[in-house]
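There are 2 protein chains.
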Amino acid sequence: MGNDQASTMKPSCDASSAGGASAIPRSPSSAAGKLLLAPSGPDDENLLVPYTQDWTHKWKAPQCPAVLQPRTTGQVAGLLRHCYERDLHVVPQGGNTGLVGGGIPLANEVILSLANMNQIISFDAASGILVCEAGCVLEELDAWLRPYGYIMPLDLGAKGSCQIGGNVSTNAGGLRFLRYGSLHGSVLGLEVVLADGRVLDMLSTLRKDNTGLDLKQIFIGAEGTLGVITKVSLQVPPAPAAVQVALVGLESFEKVREMVMLSKRKLGEILSAMELVDAAAMDVVVGKAAWGLRNPLAGGSGANSPFPFYMLLETSGSGEAHDREKMEELLETALDGGVVGDGTVAQDLAQAQEIWKLRELIPVAMEEEGRVHKFDVSLPLSAFYALVERTREALEEGGVVMGEGGGVRVVGYGHLGDSNLHLNVSVPREAPDPPEVSRVVSRVLPWVMEHKGSVSAEHGLGQLKKAYLPQTKSKEVVGVMRGMKKMLDPKGILNPGKFFPDDA
Amino acid sequence: MGNDQASTMKPSCDASSAGGASAIPRSPSSAAGKLLLAPSGPDDENLLVPYTQDWTHKWKAPQCPAVLQPRTTGQVAGLLRHCYERDLHVVPQGGNTGLVGGGIPLANEVILSLANMNQIISFDAASGILVCEAGCVLEELDAWLRPYGYIMPLDLGAKGSCQIGGNVSTNAGGLRFLRYGSLHGSVLGLEVVLADGRVLDMLSTLRKDNTGLDLKQIFIGAEGTLGVITKVSLQVPPAPAAVQVALVGLESFEKVREMVMLSKRKLGEILSAMELVDAAAMDVVVGKAAWGLRNPLAGGSGANSPFPFYMLLETSGSGEAHDREKMEELLETALDGGVVGDGTVAQDLAQAQEIWKLRELIPVAMEEEGRVHKFDVSLPLSAFYALVERTREALEEGGVVMGEGGGVRVVGYGHLGDSNLHLNVSVPREAPDPPEVSRVVSRVLPWVMEHKGSVSAEHGLGQLKKAYLPQTKSKEVVGVMRGMKKMLDPKGILNPGKFFPDDA
Numbered sequence: 020m021g022n023d024q025a026s027t028m029k030p031s032c033d034a035s036s037a038g039g040a041s042a043i044p045r046s047p048s049s050a051a052g053k054l055l056l057a058p059s060g061p062d063d064e065n066l067l068v069p070y071t072q073d074w075t076h077k078w079k080a081p082q083c084p085a086v087l088q089p090r091t092t093g094q095v096a097g098l099l100r101h102c103y104e105r106d107l108h109v110v111p112q113g114g115n116t117g118l119v120g121g122g123i124p125l126a127n128e129v130i131l132s133l134a135n136m137n138q139i140i141s142f143d144a145a146s147g148i149l150v151c152e153a154g155c156v157l158e159e160l161d162a163w164l165r166p167y168g169y170i171m172p173l174d175l176g177a178k179g180s181c182q183i184g185g186n187v188s189t190n191a192g193g194l195r196f197l198r199y200g201s202l203h204g205s206v207l208g209l210e211v212v213l214a215d216g217r218v219l220d221m222l223s224t225l226r227k228d229n230t231g232l233d234l235k236q237i238f239i240g241a242e243g244t245l246g247v248i249t250k251v252s253l254q255v256p257p258a259p260a261a262v263q264v265a266l267v268g269l270e271s272f273e274k275v276r277e278m279v280m281l282s283k284r285k286l287g288e289i290l291s292a293m294e295l296v297d298a299a300a301m302d303v304v305v306g307k308a309a310w311g312l313r314n315p316l317a318g319g320s321g322a323n324s325p326f327p328f329y330m331l332l333e334t335s336g337s338g339e340a341h342d343r344e345k346m347e348e349l350l351e352t353a354l355d356g357g358v359v360g361d362g363t364v365a366q367d368l369a370q371a372q373e374i375w376k377l378r379e380l381i382p383v384a385m386e387e388e389g390r391v392h393k394f395d396v397s398l399p400l401s402a403f404y405a406l407v408e409r410t411r412e413a414l415e416e417g418g419v420v421m422g423e424g425g426g427v428r429v430v431g432y433g434h435l436g437d438s439n440l441h442l443n444v445s446v447p448r449e450a451p452d453p454p455e456v457s458r459v460v461s462r463v464l465p466w467v468m469e470h471k472g473s474v475s476a477e478h479g480l481g482q483l484k485k486a487y488l489p490q491t492k493s494k495e496v497v498g499v500m501r502g503m504k505k506m507l508d509p510k511g512i513l514n515p516g517k518f519f520p521d522d523a
Numbered sequence: 020m021g022n023d024q025a026s027t028m029k030p031s032c033d034a035s036s037a038g039g040a041s042a043i044p045r046s047p048s049s050a051a052g053k054l055l056l057a058p059s060g061p062d063d064e065n066l067l068v069p070y071t072q073d074w075t076h077k078w079k080a081p082q083c084p085a086v087l088q089p090r091t092t093g094q095v096a097g098l099l100r101h102c103y104e105r106d107l108h109v110v111p112q113g114g115n116t117g118l119v120g121g122g123i124p125l126a127n128e129v130i131l132s133l134a135n136m137n138q139i140i141s142f143d144a145a146s147g148i149l150v151c152e153a154g155c156v157l158e159e160l161d162a163w164l165r166p167y168g169y170i171m172p173l174d175l176g177a178k179g180s181c182q183i184g185g186n187v188s189t190n191a192g193g194l195r196f197l198r199y200g201s202l203h204g205s206v207l208g209l210e211v212v213l214a215d216g217r218v219l220d221m222l223s224t225l226r227k228d229n230t231g232l233d234l235k236q237i238f239i240g241a242e243g244t245l246g247v248i249t250k251v252s253l254q255v256p257p258a259p260a261a262v263q264v265a266l267v268g269l270e271s272f273e274k275v276r277e278m279v280m281l282s283k284r285k286l287g288e289i290l291s292a293m294e295l296v297d298a299a300a301m302d303v304v305v306g307k308a309a310w311g312l313r314n315p316l317a318g319g320s321g322a323n324s325p326f327p328f329y330m331l332l333e334t335s336g337s338g339e340a341h342d343r344e345k346m347e348e349l350l351e352t353a354l355d356g357g358v359v360g361d362g363t364v365a366q367d368l369a370q371a372q373e374i375w376k377l378r379e380l381i382p383v384a385m386e387e388e389g390r391v392h393k394f395d396v397s398l399p400l401s402a403f404y405a406l407v408e409r410t411r412e413a414l415e416e417g418g419v420v421m422g423e424g425g426g427v428r429v430v431g432y433g434h435l436g437d438s439n440l441h442l443n444v445s446v447p448r449e450a451p452d453p454p455e456v457s458r459v460v461s462r463v464l465p466w467v468m469e470h471k472g473s474v475s476a477e478h479g480l481g482q483l484k485k486a487y488l489p490q491t492k493s494k495e496v497v498g499v500m501r502g503m504k505k506m507l508d509p510k511g512i513l514n515p516g517k518f519f520p521d522d523a
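These protein sequences, in sequence, are chains A and B.
Heads up: the first sequence begins at 20 in our numbering, then just goes up one per residue.
Heads up: the second sequence begins at 20 in our numbering, then just goes up one per residue.
Careful, some of the hints might be misleading.
Identical chains share a label here; the pair holds if one copy fits it or two copies do between them.
As the list claims (entries may be wrong) - Computed cross-link-like contacts, DSS-like style, restricted to lysine-lysine with a CA-CA straight-line distance of at most 27 Å:
hint, residue 1, residue 2
1, K504, K494
2, K307, K283
3, K494, K505
Derived by calculation from the structure, the hints in this document are not laboratory data.
Can you make the complete structure from the sequences, with help from the hints?
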C-alpha cells in the first residue's frame, strides 16, 4: 500500500493464461514469428487465410500478396515509410474480429498485422494505469490485470482474439460500456505511426493533461485510416469485489423499458450490464444441443421460451452484502409490481457464466444458422424493438419462410443501457438471398436514420457501411473528416476504400 | 416511468434559481441584451471591463474595441464570416473564469461572448441526455437538472459564472472528475462554428455512434483556437440519493497516500471526491474572519491547524444506509490503523457545505492575500507534495519573508484522486515580486516536467503556458496540432497568440 512508483514489467501478455471461455476461435499462430508472411508455393496457399478472411466468411481479400508482422514501433515506421514512398496500400489489422470488413483488403493491399506487438510495457498498481502494445489480446490483458485487482474497462464477445489496438481503432463498445464508459474517456495516451512513417508519441500516463490539442482522440475510432496505433495507455478500473448476475423474463417490451428505469434507480452505481435477449435469440442459443445450455426460466420442460423478452442484469460493486440486498430489493419490487414475470440470480460463478453464455453466444449460434445480416444500431428505447418487429413482419408479409429448420431467423439482442440494438437476420447458406429478404434488409438502416438512430453504434463503417456516412453526417462535417485524412495520409495508402464514402 | 420520448423545453437556464454558494462573483449583466457592445464615450469606459479583464486581475486586454453577444448559431456564423473575410481577429469567451488568459485578447481582437446563448434545447429524462447552448452557466444547468433527478457531470469553484461551452473548450476537470470522468467521455455531441462561418453539426444525442471520425473530440480542450462551440449535448449522471462528506486530518503525506489507497478500496464505486488541503491552505481560509469558517478538527481553540494535511472525502451513492456503513468502516479502519489522526462526517447538508467551503474557497482566500502565482499540474503521487515542500524551502533559503501578515504564502491543495495538484504562491500586492520569488516560481514547471508531470492538468495553456507546449510534446505531435489549426482556421483569426507557441 502507498506504493505508486511506476513498476515496469516486460512479460508478453501471451504468456498469461486467459480466463473464461472465448466465443470466437483464436487464429492459428504457427507462422507467428516471421516479419513477412507470403505464400512461397502451392503448399502455402492457405498461409494467409487467417488474415485475409474474417471468421464470419463475409469478407475476403481477393489478392493480398503478404502479411507484415512487425515487432517494434521502429519496424512499423520503417515498413510504412517504405510503402508510402512506393504508393503501396496497407491495411492495418488487429485480431481480425471486426464485422464490417474494415480489416480485410479490398484489392491487393498488404496487411500490417499488429499481432507480434504484444508486450505489456508498464502497469502502475496504485493508479491503475496500463501501458501496452497494440497487439495484446483483450482477454489476456484482463487476465493479466486480475492479480493486481484490476480489470479492463471493456469486454466483448471477441475478447479471446481481438486486440487492444483494434479495439481502440474501432472505438469498441461492448458489455462494460454502461459502467466504464467510452474509450474516449479511458484511453489516456496512444503511440501512432502515420502513413509516412512519422511516429506520434502521445503515450501519456496522466489522468489529466490539458497541454495542447488532445490529438489522440481523432485516432480512436478512425479504423486505421489516419495512422497505425502501436501502443496504448489506459486507465483501468479496479476489479469489483462482488459480481452478481440475474436473468429476468418479461411479457412485453414496454415492461423491458420499465425495468430499465427501475434497474437504474435501484442498482445505481453498481449496475454494470443490462442486456436484452429476445425469445428468438434465446431459442437459437438453447437450441444448439451440443452446447448444453438451458434457459433457467424455462422450467424442466426445455420447451420454447416462456417469455418474449429476457434481460440480463449484472452488478459490480465493492460490498457483497450491500450489492445482494440491492439486487434482491430490485427483483422483489419488479416481481411484486408485475414488471417482470420471473427471475433468477446466479448462485455461483458457474451459474453466472452460464447466464452470460446465453447472451454472448447469440452471434456464434446465428452463424451456425446461416449467412447472417448483422445490424448494429443505436435507437432511442421508444423505437428500439420496433425495428425487430417490423423486420419480422415485413419478411412474413413478403412470404419468406421463417423459423427453425431451414427458415430465415430474425433475432434482437444488445445493450439496453446504451440504446444499442443488435438485429441479426440469418438466411440458410444453401442458396442466395431471396429477393424479398434483400429488399427487407436493405430497408433496415434507412429506417434507423428516419428514427434518429445511428447506423453504426459500435461496429464502425469499414466496407459495409461507408456509403451511409454522407447520409448521417452533414456535408461540412464529412468535408472536415476528409480534410483530416488528406492532412495525415495525403497519398491515401492507409486502409483505402474504407470508412470514407467513394464520391470523394 | 418508461417514458423516454425526448421532451423539448425552452426555458432560459438563466431563469432557474442557482443552488449553493458561488465562489466567484457573477459578471454584471446590465448590457446583456445587446448584440454589439462598444463604448460610446467616456461614461462608457468601464462597459467592457467584465469581458476584457479576468477576476484575478492578472489578464487585461490592451485595446479591445467591442464585445459581440450573438443569440443564435446563425448570428455566430454571420459574425465569424464577416471577421474572416476582413482578417479581423476574434477571442471566443464564456464566463471569463479561466486562469491562463485564454479568453482575454492580447491586442485589438474583438471578444465573441457566448453569454446570450443560454437556452436549454432538450432534455430526455429517461436517458439523461441534455442538449443546451454554450452560454448556459454550469451551476444553473446543475440546478435545472436536479428536479429531474440528474446532476451535471462536472463541478468546479467557478460554477456560478463559468459556461458549459467554456468548460468544454477548456476540457475542464474539477471536483467530480474522479467519479464521472473526462468531458471526452460525457460530451455526446457539439455544434461548432468554424472560423470562416461554416457550421459543423455534430450534435448527436446517442450514447454510441461509430459513424465516421469523432470530430467533436478535437474541439474539446482546443481553447477556442479551432472553432466556436455553440451547442453541447451531454450525458448527465443521475443525482445520487445519498451524499456524505468527511474531513480527516493526517500527520504526513505518506499517510495521505495510504489513505488514498484505503479510501479507493473501502468506498469503491461510491467515492466521488478525494481532495487535499494542506495546513497552510486551511489556515488561510479559516483566517478570513469575515467568512466565519472554522476547522472542525481544530477543537474549540480556533488556533492554527493541528494537522499538516487534511483530506476531504465525498461519497455519492444510491443507498444511504449502505453508504454510511462503508464510510464508517473506512474511518474506523483508518483511525484504528493510525492512518488518520482525527476525522468527522458531516451530519447534515449545512455541515457538508461548510466542509466543502474549506476546500473551494482556497483560491478566493489566496486572492485576498496578494498577487497569486497559480500552478495547476499533474504529478505522480510519489512526487505530488514534494513540489510544495521544495517551493517553500527554496523561498526560505532565498531569505524571502514567509507566512501571515504580509509574507509570501505557499499553499498546496487539489484533486488527489486524479493526481492533480494546485500550488499557489501569493505575494503581497504592494511591491513587485522580489527576484528570489521570481526565480523560484520560474523553476516550478521545469521541475514538474522532470518528474513526468503535466504543466497543465486542467487549466489549459492560454497565454500563460503556451511556451511549454514544445517542451512537453514532440516536434511531430506539435506539427500535427499546427496542421489541424491551419486546416480549420487557415487565416488564424481565432484566439490568435494563444495555445500554440510563437515559433511557428
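Hint check:
In this assembly of identical chains, K504 and K494 lie within 27 Å of each other by CA distance both inside one copy and across copies; the values are 15 Å within and 20 Å between. When the C-alpha separation of K307 and K283 is checked against a cutoff of 27 Å, the pair qualifies neither within a copy, at 33 Å, nor between copies, at 43 Å. In this assembly of identical chains, K494 and K505 lie within 27 Å of each other by CA distance both inside one copy and across copies; the values are 16 Å within and 20 Å between.
The structure shown violates just one earlier hint, number 2.
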